[in-house]
Amino acid sequence: MKRLKTLVWVLRGKTRFKTSILACFASLTAACSHFGYYKHPKAEHAPPEEAAAIKFPDSMEQGTRLTGPMMAALKVAMEDYRPPGINPDALKPPDSCLARWDFIQTTVLQANDNLFYIDFSPDLRQCGPGFIMLDAGATYAVDGKGRILSRE
1 MKRLKTLVWV
11 LRGKTRFKTS
21 ILACFASLTA
31 ACSHFGYYKH
41 PKAEHAPPEE
51 AAAIKFPDSM
61 EQGTRLTGPM
71 MAALKVAMED
81 YRPPGINPDA
91 LKPPDSCLAR
101 WDFIQTTVLQ
111 ANDNLFYIDF
121 SPDLRQCGPG
131 FIMLDAGATY
141 AVDGKGRILS
151 RE
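Taking the UniProt record's numbering, the leading residue of the sequence shown gets 1, the next gets one more, and so forth.
No lab work stands behind these hints, which were simulated from the structure alone. Wrong hints could be hidden among the right ones.
[Stated by the list, open to error] In silico lysine-lysine, DSSO-like type, Cα no more than 27 Å apart, as pairs:
(1) K92 <-> K75
(2) K75 <-> K145
(3) K92 <-> K42
With the hints as extra help, turn the sequences into a complete structure.
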């Protein structure tokens with residue numbers, strides 16, 4: 001009987017230990033969002049009936065071509081200009097307008113094999129009538145290693 005009581009006491013202790021470990025782990029993972037960890041949501045896909053109506057072009061020759069290094073430079077600049085955790089719908093105007101990618105005109109210029117200029121210019125006409133902002137947008141200089149060299 002004494003052994004049974006000891007076994008029950010040990011098992012209860014292990015259960016408390018497991019519970020405290022789980023609680024500690026849960027609090028640490030919840031705190032990650034405060035330290036810059038963001039889980040990126042998956043891209044939204046159209047319903048199958050809408051996707052079935054899409055006809056791809058025979059050729060992509062008329063499209064704009066972006067090289068791998070150009071895409072890497074663009075990604076770095078985009079994440080600095082508007083960090084991934086920003087939700088434009090949760091912001092108040094004018095910040096909500098300026099944080100929407102569909103209102104941003106983007107230009108990428110490849111100066112040489114290792115230097116890219118990326119310009120973000122908000123289309124303020126889409127923000128509403130009479131919307132004026134003197135210092136909107138940014139231009140980045142990004143090297144081929146994905147480092148921001150300068151921003152103005």
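Hints, one by one, checked against the model:
no. : hint         : in the structure
1   : K92 <-> K75  : holds, 25 Å
2   : K75 <-> K145 : holds, 12 Å
3   : K92 <-> K42  : holds, 25 Å
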